[in-house]
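Peer 1: This is what each chain is made of:
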Amino acid sequence: MPGLHRTKDIPKNISSFYSALTQELASAFQSKKEQQPLMANPDPEMSGGWEQKAAQGESAVHTCQQKAKARLLLLLSYISGDMEVFAEWMKKQFFLLQLLDWVLRGAAQVMFVNNPLSGLVIFAGLILQNRWWALNGFVGTLFATISALILQQSRGAIAAGLYGYNGILVGLLMAVFSNAGDWYWWLLLPNIVMSMTCPIVSSALASINSRWDLPVFTLPFNILVCLHMVATGHYNHHFPQVLIQPRTELANITWAEVNVAKLFTAVPVGIGQVYGCDNPWTGGIFMVALFISSPITCAHATIGSAVGMISGLALAAPFEAIYFGLWGYNCVLACIAIGGMFYALTWQVHLLAITCAFFCAYLGSAIANVMSTFGLPACTWPFCLSALTFLLFTTETNTIFKLPLANVAYPERNLRFFWKLRKKEKLEREEKEIDEEKWRAKEQELLGNDKEVLRMERMDGKEKEGKEINKMMIQEEEMMEVALGEVSSMAENV
Amino acid sequence: MPGLHRTKDIPKNISSFYSALTQELASAFQSKKEQQPLMANPDPEMSGGWEQKAAQGESAVHTCQQKAKARLLLLLSYISGDMEVFAEWMKKQFFLLQLLDWVLRGAAQVMFVNNPLSGLVIFAGLILQNRWWALNGFVGTLFATISALILQQSRGAIAAGLYGYNGILVGLLMAVFSNAGDWYWWLLLPNIVMSMTCPIVSSALASINSRWDLPVFTLPFNILVCLHMVATGHYNHHFPQVLIQPRTELANITWAEVNVAKLFTAVPVGIGQVYGCDNPWTGGIFMVALFISSPITCAHATIGSAVGMISGLALAAPFEAIYFGLWGYNCVLACIAIGGMFYALTWQVHLLAITCAFFCAYLGSAIANVMSTFGLPACTWPFCLSALTFLLFTTETNTIFKLPLANVAYPERNLRFFWKLRKKEKLEREEKEIDEEKWRAKEQELLGNDKEVLRMERMDGKEKEGKEINKMMIQEEEMMEVALGEVSSMAENV
Amino acid sequence: MPGLHRTKDIPKNISSFYSALTQELASAFQSKKEQQPLMANPDPEMSGGWEQKAAQGESAVHTCQQKAKARLLLLLSYISGDMEVFAEWMKKQFFLLQLLDWVLRGAAQVMFVNNPLSGLVIFAGLILQNRWWALNGFVGTLFATISALILQQSRGAIAAGLYGYNGILVGLLMAVFSNAGDWYWWLLLPNIVMSMTCPIVSSALASINSRWDLPVFTLPFNILVCLHMVATGHYNHHFPQVLIQPRTELANITWAEVNVAKLFTAVPVGIGQVYGCDNPWTGGIFMVALFISSPITCAHATIGSAVGMISGLALAAPFEAIYFGLWGYNCVLACIAIGGMFYALTWQVHLLAITCAFFCAYLGSAIANVMSTFGLPACTWPFCLSALTFLLFTTETNTIFKLPLANVAYPERNLRFFWKLRKKEKLEREEKEIDEEKWRAKEQELLGNDKEVLRMERMDGKEKEGKEINKMMIQEEEMMEVALGEVSSMAENV
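Chains as they are written, first to last, in numbering that gives the first Met the number 0: chain B, 0 to 493; chain D, 0 to 493; chain F, 0 to 493.
Quick caveat, the hints were computed from the structure, so don't treat them as lab data.
Keep in mind that a hint or two might mislead.
Each pair may be met inside one copy or between any two copies, as identical chains are not told apart.
Claimed, not checked - Straight line, CA to CA, 35 Å or less: simulated DSBU-like cross-link-like pairs of lysine-lysine: (1) K441 <-> K423; (2) K90 <-> K401; (3) K261 <-> K91; (4) K90 <-> K425; (5) K401 <-> K431; (6) K66 <-> K423; (7) K68 <-> K441; (8) K441 <-> K261.
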């Protein structure tokens, strides 16, 4: 997702006794950061998560056991989060290797995860599900990334996989909804064309959404897959789509027939359906991929899928649709997005995320019914619309803090950013109070002074005008004093 | 509607010989204003309408008859407009009583009326129509308001009923379009859920619309009711909706069969249909409710409904639909919104309002046909879209003045605001002319002076730079003069 | 299209020996320019195209042949581009004649051409196609322009035909899609109503699009024609529309039956379909109209139409639809818009225009299928949406330069504007380098000087604050020096 990547500062002391790989990674870690954010300057003071904990832990340990633990934590810090050390190391590698890194990150970015290892695990899950789909997904990610390079998009955003995630979805879902069967090689043609259009649509949507500091989510994918499906349709010679029709009669729902086991597997299946996969094992693998990068994300994905399943039951949806995970995948994404990704995670935000998941399930049912009129699936429109609504929502409480898009990373780091900001604000408030007291004291002192008139005028100005002009006035004042001093010395000399 | 409420200044002399109620109201009237507008600081100079007239009238009266008249006017001032005196008095009452006030204002805000008495009359009309619907409407308004409180939305906006009006529509229309029959108690569940979602959607839409200083109108209601209806649909076990299908054959229209009496009753029915009511008496009651608060609003509502009816005939709509008020309700709202509510009422604006009503009728037919494809009613989408279009419209004439959203109250007060602004502008223009003349005279005087060069430079600067910097430069100039004076006196002393 | 017109400076020396018409035109040419742009001040330094070339050429020629050539070029300069000399001359004519000029320009503005001669040729083509349609188109343009005058829209925009082009499309297409047959005079009624609504919708959309510096394209036409068609529909007594239904079976496509000759005529037919015309000769006439004003536009129109035809074949569209030009017209407009009209034409932009045409064809198929569900044609929605997407697209390369909307004219002039801007930038860069060197030298000189402290402080300020404040500081500095000089001389005098 745009704005999900940023650079970070470098731990100063990483010990030198680790493995060669670790060393190489560490050196990369200390190399100059080039990765530029998509939309703003990242806070350079924001520091790494696991790695710092590890470093801090390390200095305290003495026994062997503790050492091993520290080593484990450090190793963990290299593979969790957004794997920045790895990203730094990658920058000095062969271009094709870099491209692979970007593609893997792109695959994981569908779930807001900027982590190549997660991407690798996700591809494993896809291969388990269907090799033809996995191939299409890979082609889609690859060409979307290449197209972004050709179109000279922000290098940092490309490296974070932000131009790939729509590509993988386009590739996958075009294969999933194609009625021509697997291994219909001609499909790669529209797949490549549509993937390469992704960065254009992404960039255009970002021009609009950035006005409200909103990400584009999977809107480019939704637009392009719907475009392809409705442009060709079920009755097409070259690229026929599966037949989707609106419901025209009462579904046969007998509560006695409900299969509780299947309802439970609907939770991982719902996570799998984000990538169009109905295999519960694939969904489970995706959960592992999420957990590697961010446990909070994984937890919210599970909650979202469960909320979707419950909503389906509440709205009397056919059981088959629920088992198939169709009620889950949008809620998964919406719950991740609101629950810690774009808002700093507090209890209120957690509740908001669950509300958003329920809203998303409702919206999902609505959009699925509307889209079926045109022979289209719901794609992830419900997620996009509900998440955008909940991100546009404003409130007067300060426990619901929307992160600036440029500072969005992963829930754990977002939290740290939020806490730092709070601490900084508190300090500033305190400082300001002290300053004000000092100012008042100084003012008192100056009263009765012959410079009173001048100063009063300046005060007046200060209240009326902005900070910048204030600074200048102070400079002017100093200049004036210097000038007066000069002149008076001159006058004295005479 | 957002931005429809604002605080106002307090008549200084309200005589003390009125009834206890009047006194209590008057004291409330003088209490500190807390009501904060949704989007900006209201003009504190804007003064009350009827009450001031009354106060002014009063000072002149001597005979008993005149006194009675003044008393009547003052009493009228307490129940017409937005009943601010009452709102002030309410602030010191028990919370549940306040909540009731907000709910009643919410009920009336559907028609842009911020008046609890109107709200009470409207509820009476609803009860006359159908008690189950009235109950649903009440529940909707109540929970929407409570949800806004929980979500910590602007207190002033809540107190003006701006979070309730979508709630009442959601509650009412969900009951109207439910196929499960009256008193199907389960319906209250989605009713409460949807009402409580209203403030979230309202807030999100306001984030977008505020960029163009536009209100959200009834968009949250439209979105949420359509959401509920299409998510469940006609074929649903829990919450079935009435069956709405697109027209597929020529309507049977015989002009000889037109019932003129029914066409005339279509005007109040059209007003009633704003709340989904087809009883002409209910419509009549609603007209009374409008008249209490603002006669201009009432007049435009009637005009709008008539325009809708005429458009229906012009576009060959089935007579039944016209009699049923389906062509009227959107035009009612559009005509009120443009005719004096968001624009200051002039003759040109009046014509614009009628144009907007025609456009709205056309759009209504179009949207009804499109929505029927999905089994949905038109709701008030036509009103929202046509009113937003006409509010986005810009022209070079100054007789069409769009009020800043924060200054929108009710047509009579808006007019007064507009007149004051005009007068102020005129005064400023005159003052400016005088100033310019003075400036020129002063300049003339200074020519030939040894300070000429300096001054010229400053002029240059003045033309190039903004106002703020100008102010500063004048201060600098003064400082300079002080400094020069100081130095020269020093020099002289030497 | 909004922002497509602008004023320009006046060649100083136009020789006096030409025909009376030429003289009159020339005098008009030198008259004061009043034409105000829709959105910004046009660059007054931008000079004419052909006329200047002609003037330059002229000064060098001596032989009769060269003279004739120069005369031809000058004459060409009067009829090509946006015929500004003629527009200036028109300003002093009778109002009805001016109105005719605006209507003709409006007719041509559909293709982004601001040229009354092109408009005349286009009307000729329309008459060749169908007189009733041509009449409706004329009525539409006329009333849209009149409505814009009544609604006090920008005079410059009206004079450039920017309020007429939606009108002609509304008029034409309402006639084309009417099921009541030709010469059904009642149709003029909704035609006039809808045309007169055009400026309102245009203005409203411009309020939104101007936030992203985007034109409104033909969106008002799309909205209003769809509005009219879906509001009345096929089953209407007064204004029945042609029956459009979604595809429900496999089209019969036999590649052996493809008619290559018809495929080639599909290119001009595609251009004709912009105005709803299926006559290839009409299309050819339109190409002439484009060529008169701007050869680049004409070339891109042809390329666009060809791209549309190829896309149709690639997506297995029924041959009849391709022959009928339905795949071409949107691509024609999209290719013109991107290829040199809103972007300065470079090779990269040319490729982008072709990409946009392909995207537009795809989108066209999609939108046609979606709209057919409501019995609607695709209109030019695909063009609008694809062109807006490609105009919102941003990239880091500087070979893709989007012109500010206020500077958009026609591709040839846009290119000149772009080149001038580049040259200016280059000069500025060079100047800046020289300045910096000088500054450094000056600074060096000042080091060791007693003013060092002051100057350093100012430097500091300069880096921190904006340009404007810089200017002021320099002035202050000068004032200070003058003041110091004054004082020191005073001191010396003592």
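Peer 1: Does each hint fit the structure? Answer for all of them.
Peer 2: Verification of the hints:
Taking CA atoms no more than 35 Å apart as the test, K441 paired with K423 passes inside one copy only; the shortest distance there is 26 Å, against 42 Å between copies. In this assembly of identical chains, the alpha carbons of K90 and K401 lie at most 35 Å apart whether taken from the same copy (31 Å) or from different copies (32 Å). With identical chains, the CA atoms of K261 and K91 are never at most 35 Å apart, being 48 Å at best within one copy and 56 Å at best between copies. Proximity of K90 and K425 under a CA criterion of 35 Å is satisfied inter-copy only: 33 Å between copies versus 38 Å inside one chain copy.
Taking the shortest alpha-carbon separations for K401 and K431, only the intra-copy value of 25 Å comes in at or below 35 Å, while the best inter-copy value is 41 Å. Proximity of K66 and K423 under a CA criterion of 35 Å is satisfied intra-copy only: 33 Å inside one chain copy versus 64 Å between copies. When the C-alpha separation of K68 and K441 is checked against a cutoff of 35 Å, the pair qualifies neither within a copy, at 55 Å, nor between copies, at 61 Å. Taking CA atoms no more than 35 Å apart as the test, K441 paired with K261 passes in neither setting, with 74 Å inside one copy and 81 Å between copies.
The structure fails hints 3, 7, 8 (numbered hints given earlier, in ascending order).
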